[in-house]
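*Asks:* Starting from the known structure of chain H, arrange chain W on it as the hints suggest.
So the sequence lines, in the order shown, correspond to chains H and W.
For the first sequence, the tail end lands on 206 under the numbering used here, and the numbers increase by one without skipping.
For the second sequence, the tail end lands on 206 under the numbering used here, and the numbers increase by one without skipping.
Hints are computed from structural coordinates only; laboratory data are not their basis.
In this text the structure is predicted, and so the values were computed from the model without any measurement.
Cβ atoms here follow ideal geometry from the backbone N, Cα and C, with glycine treated the same way.
Among the clues, some could well be false.
[To be verified] Some residues of chain W that are not near chain H, with every Cβ distance over 12 Å (derived):
1) Arg69
2) Gly100
3) Thr120
[What the hints assert, rightly or not] Here are a few chain W residues that face chain H, going by a calculated C-beta distance under 7 Å:
4) Val49
5) Ala50
6) Ile52
7) Thr53
8) Pro54
9) Ile85
10) Met88
11) Pro154
12) Phe157
13) Asp180
14) Ile183
15) His184
16) Ala187
17) Val191
18) Arg194
One-letter residues, chain by chain:
There are 2 protein chains.
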Amino acid sequence: METNSIQTKPETVAVITPEILLEHWQGHRALTRRVIEAFPEDRFYDFSIGGMRTFAQLAMEIIGISAPGIRGIAFGDWTFTEPTLDHSTPAPATKAEVLQLWDVVTDYINLLWPQIQPQRFHEKEAAFGMYENTIYNTILYMIDNEIHHRAQGYVYLRALGVEPPAFWDR
Amino acid sequence: METNSIQTKPETVAVITPEILLEHWQGHRALTRRVIEAFPEDRFYDFSIGGMRTFAQLAMEIIGISAPGIRGIAFGDWTFTEPTLDHSTPAPATKAEVLQLWDVVTDYINLLWPQIQPQRFHEKEAAFGMYENTIYNTILYMIDNEIHHRAQGYVYLRALGVEPPAFWDR
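Chain H on its own, in the form it takes in the complex (with noise of 0.2 Å):
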């Protein structure tokens, strides 16, 4: 076996370090965020299919996640006192202020990245409380939640006619 910059011993090869987990998120953020500019202003507050939540609340959800994610993931204190980018914030009245909302949380989360301490990283750790895993599998599932649900509005674009943003341009 070759040994290089990236591996130490077999069983511990980064294959994911913690710069290429956040460009991987910022990435996906980036793209959820043109899925949000493409709406229809009206349509991304009323549109929705088989009862499910609008683009509107969809978009607040990932809000109201990272904000209060990324702060507990850096810090391990899962409370969060900002009411806009809470989790049941409802959304404000046009796109243009979900998006700021939306720059906000990014740079929250560039800017806190940073200090989360490696080990961080593997340690368990009820998220927001609840739901008890490690530190990794809680970045995963945000991000996951993230892409499963932008997914939604591509299908909501699809059926009002409008083009989505291309899914492999982050």
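*Replies:* Just chain W now, with coordinates in the frame of chain H:
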């Protein structure tokens, strides 16, 4: 900074190891399998929204990417000669047969995964002869693509009045 088994140098923290990434992928595959199972037999083949593909076609895309994909990832050979597992293979006539192919690919991934050399994950290569990327990014892309298309299946199921499997259950 604390040193432990998953950290060697700060810049090479192993957030995700090969073992974790395989478990993550197979957890998603198990969930996608349950989404296939949840479809009524006929709607699996004919239901669609907004001109998008049926879930049978999407399931076959995932099969047809994953099988040649893991082979390319492991060995750098992106040709593939197994016709039933190829990207452009039409779906077999029954869901049961699709699920059989699904399980073959699951086993194939488990078989080849331990044969991926550690340094391989950070090599750059044109996946499927076309998409220049690091191997880890190609793997993440395949997983993301599956989450994305599976979420379409969730919307299809909701539109059909069928309760989809729980997203958090891997």
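*Asks:* All hints, please: hold or fail.
*Replies:* Structure-based check of each hint:
For Arg69(W), the shortest C-beta to C-beta distance to chain H comes to about 16 Å, beyond the 12 Å cut-off, and the non-interface label holds. Listed as outside the interface, Gly100(W) is consistent with that label: its C-beta sits roughly 17 Å from the nearest C-beta of chain H, beyond the 12 Å cut-off. The Cβ of Thr120(W) sits about 26 Å from the closest Cβ of chain H, beyond the 12 Å cut-off, so the non-interface label holds. Checking Val49(W) against chain H by beta carbon gives a least distance of about 4 Å; that is within 7 Å, so the hint holds.
With a cut of 7 Å, the hint placing Ala50(W) at the interface with chain H holds, because the nearest CB-to-CB distance is about 4 Å. Annotation: Ile52(W) was flagged as interfacial toward chain H, and the flag holds, the nearest CB pair being 3 Å apart, inside 7 Å. Hint status for Thr53(W) relative to chain H: holds, with the closest Cβ pair at about 6 Å, below 7 Å. The beta carbon of Pro54(W) is positioned within 7 Å of a beta carbon in chain H (closest approach about 5 Å), and the interface hint is therefore held.
A least Cβ separation of about 5 Å between Ile85(W) and chain H falls short of the 7 Å threshold, and the interface hint therefore holds. Interface hint status for Met88(W): upheld, as the beta-carbon distance to the closest one in chain H is roughly 6 Å, under 7 Å. Contact between Pro154(W) and chain H, as hinted, is supported at the beta carbon level, the nearest pair being about 4 Å apart and thus within 7 Å. Hint on Phe157(W) holds. Least Cβ distance to chain H is approximately 5 Å, under the 7 Å limit.
With its C-beta approaching chain H no nearer than about 6 Å, Asp180(W) sits inside the 7 Å limit, and its interface hint holds. This hint holds: Ile183(W) has a C-beta 5 Å from the nearest C-beta of chain H, less than the 7 Å allowed. Residue-level restraint check for His184(W) holds (minimum Cβ-Cβ distance to chain H is 5 Å; threshold 7 Å). Because the closest C-beta pair between Ala187(W) and chain H is about 3 Å apart, less than 7 Å, the hint holds.
Evaluation of the Val191(W) hint against chain H yields a held restraint, the C-beta minimum of about 4 Å falling below 7 Å. Against a cut-off of 7 Å between C-beta atoms, the interface hint on Arg194(W) holds, since the closest Cβ of chain H lies about 3 Å away.
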